[in-house]
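Next come the chains, spelled out residue by residue.
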Amino acid sequence: MAALVVRSVRDLLKRADFAKVPRRHRHKKKWAATEPKFPATRLALQNFDMTYSMQFGELWPSIRVSLLSEQKYGALVNNFGAWDHVSAELEQLNARDFVNKAHARGEQEPESSQTAAPSPASWACSPNLRCFTFTRGDVSRFPPARLGSLGVMDYYLMDAASLLPVLALGLQPGDTVLDLCAAPGGKTLALLQTGCCRNLAANDLSTSRTGRLQKILYSYVPQDIRDRSRVRVTSWDGRKWGELEGDTYDRVLVDVPCTTDRHSLHEEENNIFQRSRKKERQILPMLQVQLLAAGLLATKPGGYVVYSTCSLSHLQNEYVVQGAIELLANQYSIEVRVEDLSHFRKLFMDTFSFFPSCQVGELVIPNLMANFGPMYFCKMCRLT
Amino acid sequence: MAALGRQVSAWYHLIPLTWARMSRQTPQKKMTASSLCKLTTASTGGGLEEVPCVQDPACRTHLPQCLLEKQSAPVDGGPWEREEVITSLLDMGFSDVHVNELLTVQPGTHPQQVLDIVSELILLGVNPEPVCVALKKSPQLLKLPVMHMKKRSSYLRKLGLGEGKLRRVLHCCPEILTMRQRDIANTVRVLRDKCLFTVQQVTEILHRCPYVLREDPGELEYKFQYAYFRMGVKHADVVRTDFLQYSITKTRQRHTFLERLGRYQTPDKKGQTQVPNPLLRDILRVSEAEFLARTARSSAEEFEVFKKLLAREEEEEPENPMPGDKSTINASKI
Numbered sequence: 001m002a003a004l005v006v007r008s009v010r011d012l013l014k015r016a017d018f019a020k021v022p023r024r025h026r027h028k029k030k031w032a033a034t035e036p037k038f039p040a041t042r043l044a045l046q047n048f049d050m051t052y053s054m055q056f057g058e059l060w061p062s063i064r065v066s067l068l069s070e071q072k073y074g075a076l077v078n079n080f081g082a083w084d085h086v087s088a089e090l091e092q093l094n095a096r097d098f099v100n101k102a103h104a105r106g107e108q109e110p111e112s113s114q115t116a117a118p119s120p121a122s123w124a125c126s127p128n129l130r131c132f133t134f135t136r137g138d139v140s141r142f143p144p145a146r147l148g149s150l151g152v153m154d155y156y157l158m159d160a161a162s163l164l165p166v167l168a169l170g171l172q173p174g175d176t177v178l179d180l181c182a183a184p185g186g187k188t189l190a191l192l193q194t195g196c197c198r199n200l201a202a203n204d205l206s207t208s209r210t211g212r213l214q215k216i217l218y219s220y221v222p223q224d225i226r227d228r229s230r231v232r233v234t235s236w237d238g239r240k241w242g243e244l245e246g247d248t249y250d251r252v253l254v255d256v257p258c259t260t261d262r263h264s265l266h267e268e269e270n271n272i273f274q275r276s277r278k279k280e281r282q283i284l285p286m287l288q289v290q291l292l293a294a295g296l297l298a299t300k301p302g303g304y305v306v307y308s309t310c311s312l313s314h315l316q317n318e319y320v321v322q323g324a325i326e327l328l329a330n331q332y333s334i335e336v337r338v339e340d341l342s343h344f345r346k347l348f349m350d351t352f353s354f355f356p357s358c359q360v361g362e363l364v365i366p367n368l369m370a371n372f373g374p375m376y377f378c379k380m381c382r383l384t
Numbered sequence: 001m002a003a004l005g006r007q008v009s010a011w012y013h014l015i016p017l018t019w020a021r022m023s024r025q026t027p028q029k030k031m032t033a034s035s036l037c038k039l040t041t042a043s044t045g046g047g048l049e050e051v052p053c054v055q056d057p058a059c060r061t062h063l064p065q066c067l068l069e070k071q072s073a074p075v076d077g078g079p080w081e082r083e084e085v086i087t088s089l090l091d092m093g094f095s096d097v098h099v100n101e102l103l104t105v106q107p108g109t110h111p112q113q114v115l116d117i118v119s120e121l122i123l124l125g126v127n128p129e130p131v132c133v134a135l136k137k138s139p140q141l142l143k144l145p146v147m148h149m150k151k152r153s154s155y156l157r158k159l160g161l162g163e164g165k166l167r168r169v170l171h172c173c174p175e176i177l178t179m180r181q182r183d184i185a186n187t188v189r190v191l192r193d194k195c196l197f198t199v200q201q202v203t204e205i206l207h208r209c210p211y212v213l214r215e216d217p218g219e220l221e222y223k224f225q226y227a228y229f230r231m232g233v234k235h236a237d238v239v240r241t242d243f244l245q246y247s248i249t250k251t252r253q254r255h256t257f258l259e260r261l262g263r264y265q266t267p268d269k270k271g272q273t274q275v276p277n278p279l280l281r282d283i284l285r286v287s288e289a290e291f292l293a294r295t296a297r298s299s300a301e302e303f304e305v306f307k308k309l310l311a312r313e314e315e316e317e318p319e320n321p322m323p324g325d326k327s328t329i330n331a332s333k334i
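Residue numbers (full-length UniProt numbering), protein chains in the order written: chain H, 1 to 384; chain X, 1 to 334.
Calculated from the structure, these hints are not laboratory results. A couple of the hints might just be wrong.
Unchecked claim - Computed footprint of chain H on chain X; a stretch qualifies when at least three of its residues, placed anywhere within it, have a C-beta under 8 Å from a C-beta of chain H:
#, stretch
1, 240-250
2, 295-302
Said to hold, decoys possible - Pairs of lysine-lysine residues, derived as DSSO-like cross-links and limited to a Cα-Cα distance of at most 30 Å, are as follows:
#, chain 1, residue 1, chain 2, residue 2
3, H, K37, X, K234
4, X, K165, X, K136
5, H, K37, X, K270
6, X, K307, H, K101
7, H, K278, X, K269
Unchecked claim - Under 10 Å between C-beta atoms, here's a sample of chain X residues computed to sit facing chain H:
#, residue
8, R157
9, F306
10, L310
Glycine included, every Cβ here is placed at the ideal spot set by N, Cα and C.
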């Protein structure tokens, strides 16, 4: 009799609706002493083999080998330091500024005036960005960034493909800019480098990651620039931005949390493919749609939004863009137009490998000759 | 003419077999004349002042007529001694041309010495033609001390490398006769005790991939472990595909490339894979161009970049763990 009572009490407790804190945020008392038999990195690879072999077909093997091999970096020159000096040093190492190369290419091509002239805003790049990479097939590494003579770091090492969403956003002097999921801060730094930000709002849900963002800003951007650009760093929920600051910004960058494909194949810690995070991973596309919708709502009519991820998955890329546009049309009667980036893509074709068949947006795919990416980005204009 | 040729060659084949059979079955005393003379001359240290076999009573009955007739003391390397050697060599099945080559390829060698060395090789089951080829390629073999040669022969026989299996090994790796027995034993020990090949498999490996004798035994073991644990290749297939002859760098480059492309999977505990693995010969035996075109289906420039990246990864890997533990292989990142 007593046993029965105990058991039913226990069942009751189990069924009681205790606060649904995701398991990973609860306090972890016991830590494993041995390596997992089936690590999350392996689960990630299995997942990719299943989805991407269908999505990319014959292209998948070359993408796969690149993802599993060492990636290639670009050096974003810090304009607030001795940038001409640094550029010369990087040239000495046999690296080249790919942004400059793209502009040179753009000037050479007369065809843009012959075909239906695309509106300048759709392919003009954000100015003042200098990023060096080694040539195709060159596997040299950049030396780690150093503190320059002006008290700030000389360059920032990042995946060169991460610069493309910032370039595509096409900042113009005096813009108010929002970076909705800013951490750890590479793209935020690039936005500041353009020198176009009258106001920059950088937000990330995670306080630890905004901490990293702050550190980067301190190391790279002098105090007076930070004050002048009125850089505001916050740790709020990005989905609320439509209500918080609706119709406010000229340019919005929504670089959403995703399955970080390359990272998930190498790092075991906090890997999103852990079995305990399966639910979180499954609702990711929905979260991404909500964030993009919030970003669009926070844009002024006539303003631009760039959505970007570092995943190869259709579900996190094109589906999200289409889903958010639909949501805005249905729920808010707001019209959003996708911008054609094919001319933009042509400018950078020599440096990066692009996937030829995206329905909307552009996708940089990793290739051993140019082991950048994955990076998906799509530019939109809020019309109403 | 052809029939005569066949007859002659048949006779040539007969001679080594006869020798080999006799050496196995009969005690030394009953050997034919040539070897008996060799024994007695060896006891005097090689150089011939007089005919010592006259003093040996047991010998007297077996001596050929020519020897008994020419009892006048010859100087070492004297013409009749040389004649004797030539006759013996011809008896063994060498042609005139061969005999000439053998006696001149290493000038300064006593003809009896040549005969001794050549006899051991014939007794090991190597045919006359291959013996010539081997000795022409490595004339220094003729300078080996005969005792060493005999000891080595019996060791090789123990390893199963008699009966003609030695021909290929001699051609690729003549140092199998000159190197220290301890080194051969180390290689054999690694193959047998560490890699767990059977005795027949070890013989087969030495026969087909003689270059393993040149490798450091530790690296040989690593190569095997790479095949067995990393690639899931079983013992019989390691032997059959001559896996051990390929350089570990080449094997690792091609295998890792295929693995990261998704075209090769290490079989699980049941030996199954989700994709059919390409045949080993399509990975290792083919040229790089064919490997890239057919097996990897990738480009040469991508493979070049990959090789550089892999070399750097290996350099930076902190003390490469031996791929001996299957569970770590499954858990480690690819």
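Now for the hints, and whether the structure bears them out:
1. 240-250: violated (count 0)
2. 295-302: holds (count 4)
3. H/K37 with X/K234: Holds, at roughly 24 Å.
4. X/K165 with X/K136: 19 Å, holds
5. H/K37 with X/K270: 17 Å, holds
6. X/K307 with H/K101: 28 Å, holds
7. H/K278 with X/K269: 27 Å, holds
8. R157: 49 Å, violated
9. F306: Hint on X/F306: holds, closest Cβ of chain H at ~6 Å, below 10 Å.
10. L310: 8 Å, holds
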